[in-house]
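2 protein chains.
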Amino acid sequence: MKQIGVGILGFGTVGAGVADGLLKNRELMSGRLGVDITLEKIADLDLITDRGVAVDPAILTTDATAVINDPSIQIVVELIGGTGVARELVLKAFEAGKSVVTANKKLLAECGDEIFSTAERCGVDIYFGASVGGGIPIIRVLREGLAGNQISSMHGILNGTCNYILTRMENEHLPFDEVLNDAQQAGYAEAEPSLDVDGFDTVHKAAILASIAYGFHVPLASVPVEGISHLAGVDVQYAAEFGYRIKLLASINRTDDEVEVSVHPTLVPFDHVLASISDVFNAVMVNGDLSDSTLYYGRGAGREPTASTVIGDIGDVARNIVSGSCRFARAIALNNQGKLKMRDPATIESQYYVRLMVADKAGSLGTMTTILGSHGVSILGANQKLPDSDDSGGDYVPVVMLTHRASSAALVSALDEIYQTGVVREPPVKLRMI
Amino acid sequence: MKQIGVGILGFGTVGAGVADGLLKNRELMSGRLGVDITLEKIADLDLITDRGVAVDPAILTTDATAVINDPSIQIVVELIGGTGVARELVLKAFEAGKSVVTANKKLLAECGDEIFSTAERCGVDIYFGASVGGGIPIIRVLREGLAGNQISSMHGILNGTCNYILTRMENEHLPFDEVLNDAQQAGYAEAEPSLDVDGFDTVHKAAILASIAYGFHVPLASVPVEGISHLAGVDVQYAAEFGYRIKLLASINRTDDEVEVSVHPTLVPFDHVLASISDVFNAVMVNGDLSDSTLYYGRGAGREPTASTVIGDIGDVARNIVSGSCRFARAIALNNQGKLKMRDPATIESQYYVRLMVADKAGSLGTMTTILGSHGVSILGANQKLPDSDDSGGDYVPVVMLTHRASSAALVSALDEIYQTGVVREPPVKLRMI
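Chains as they are written, first to last, in my numbering: chain A, 2 to 435; chain B, 2 to 435.
Since the hints were derived computationally from the structure, they do not count as laboratory data. Certain hints may be false.
Identical copies go unnamed one by one, so any copy, or any two together, can satisfy a pair.
[As the list claims (entries may be wrong)] Under the rule of at most 16 Å between Cα atoms (straight-line distance), these lysine to aspartate or glutamate pairs were calculated in the EDC-like manner:
(1) K340 - E259
(2) K340 - D257
(3) K107 - E121
(4) K362 - E350
(5) K25 - D290
(6) K340 - E28
Computed from a predicted structure; not experimentally measured.
Put together the whole structure using the sequences plus the hints.
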């Protein structure tokens, strides 16, 4: 049986998981794949910390370049993260004729053009399955399983921290700040949580998914993003009363030559499969012209789940090398570059959930509905709520409405105009619906 | 760009879907895969019926052998079904040096040994992604994405007809027969429904999944199977009162050197993702040592979804041929043949739902619990129900119990003994819990 050598750059959480998995399941994988995958070297600046993996100390090194240049290593696994040294080492590996497996979403989303074009020029593979969805093999599915499909839309719950917070906000009727605090103490959220809770992590992943599905580069700056840190607990509860659960969704939709990519807290009906994805789990629903709806669910992060996908990619690259055929240099086939463009967010249509604190006097509701109607926004349903105890004066009452489909621009204009009339006490809250 | 020719055997529903998909998404696929896949010939005995696909009449033939021997065809797609002529033609294609893509679960489950060993001897590929789960790329995920995982268990909803019937039984409080009748009229169930509702279709699929995950041949006769045709509506309702939904589940579990494969109506808690899979949809949950829980959801049947997976396989085989490397001759790597064995169903442990019609007199419940306890079956919870109007005499009342984990053999013995005491009116109903 042919042997393929692997070198790991970055012996952190995921690096340790990959090393552990490669060692303990080596025989299992060789039986399945027909290739014997050997762990040859691991590079990290810290060789002291115990990672809980019994690796031969002789394979540890602080010299990443020695890993890349090791002739026994054909696959370099980049698990350093970020776009600094990770980018340099990946490019160096390509130039040395080594294929690369990475879990680095930032590198892919921000430097994808350079990474893919260099891999293609060097005739090597770049696999990046673990950059989106952790243990869910969604990239593989999009690239291969659904290769025969025109993808009309994708909806993803792509950040476990946000989904954990939203699940607890709903189930325990807690405010965002309190759950975030708990999540930080339990290790489910970072001390600096903005990357997760403000949606930026989700944007990176959404851009990668859209690029793969549609074959053009998605500029991150063109993706509207709204996180969950400003989400009020009361909206989570009101949404539930209407039969909806709020999820931080990446929404990707194609219409003709335009693609929408956006990230918003979004109302999902209870009986939609995405509503059943709770706690730290992730899921992506993909709609294809042949497949119809399919959904992929699993742990979006963590040592072992991420290692599972990295190792799956290593297996593929190993088989590619044995057969002398690299397959993913054209990983993101930019065959629609220049043909597709990003949709102007103002024109994106959706149903909306709107909450307003409305003056409790005759004519307020009439004023609002007239203004909404004049902007083409029609109302599907509305509930007047009991005022909070904070609103004991009773001068204003919360009103929650669900709208029919309307463009983002029309709704924003209508809500601005309503706010300016003074019939509402504060800027209205609006949330998208799936 | 290299061209790879495809020939289809069987121009039925799925065959027409594959032809349609290959024609309309040809350019899309060549952009993604770097191979131009051309539809060269379609063989069927009926060349008259309109399949709603605009194929050049010149590529239609009644001669399957002519397709197999056509030098422009490198991939033969078998969509005839069954183990008669389909088996002969697949073997003939192998001998002619052609790789095969099939959706034929019966062929794989019943003749897998012969099919795989012949493909291996001939040095060609056999892909069969659409044999399980229709449009869900579950076979690919198991073979590749999760290749680095020891699979501890899988639970699948693998038959859309059964899931449709169970969903309606629960939502509309209807008996099995009435929903089956509706389903037949709506085209969701066959006139001869036994293959679906008695669980045999699910057994075929479960055997294929287990064979792939564990690398040994699963003999169909050793798989205990219980369908849904004897399921009482009252059990669906009582289960719901306890917070469970009944699904026809394929359960696959590995413990040391034994593998359980079984098919039973099974209680799944409402907050389990599998409980959210409704109507004709299918799903498979897979637990791996690295990946932890992942789930794959989609349409388990139908022209386009099945075609989606067949075409995904064609794309893979085409790339294998271009790179001169067949990859799945060892499709079901029988590397554990002789090392693993099927678990004796009597020893399988589960929690159980039990319903008994109990004599409404002092001591009945005590008699039952004593007998259950003497067989090592302990009770987690019990509810006494109001008698049906049928039981207006009130001599017997329905009692529903959930048990802690017990072996199938222990529970059966206990229930037999209870029945023989005469404290229950009819043989108790027992259902597994996930």
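For each hint, the structure was consulted:
Taking identical chains as interchangeable, the C-alpha atoms of K340 and E259 lie at most 16 Å apart only when both belong to the same chain, with a minimum of 9 Å there against 55 Å between chains. When the C-alpha separation of K340 and D257 is checked against a cutoff of 16 Å, the pair qualifies only within one copy, where the shortest distance is 10 Å, while the shortest distance between copies is 54 Å. In this assembly of identical chains, K107 and E121 lie within 16 Å of each other by CA distance neither inside one copy nor across copies; the values are 20 Å within and 42 Å between. For the identical chains of this complex, K362 and E350 are neighbours neither inside a copy (32 Å) nor across copies (65 Å), given an alpha-carbon limit of 16 Å.
For the identical chains of this complex, K25 and D290 are inter-copy neighbours only, at 10 Å across copies versus 40 Å inside a copy, given an alpha-carbon limit of 16 Å. Only between protomers do K340 and E28 lie at most 16 Å apart by alpha-carbon distance; the minimum there is 14 Å, versus 46 Å within a single protomer.
Taken one by one, the earlier hints fail for this structure at numbers 3, 4, listed in ascending order.
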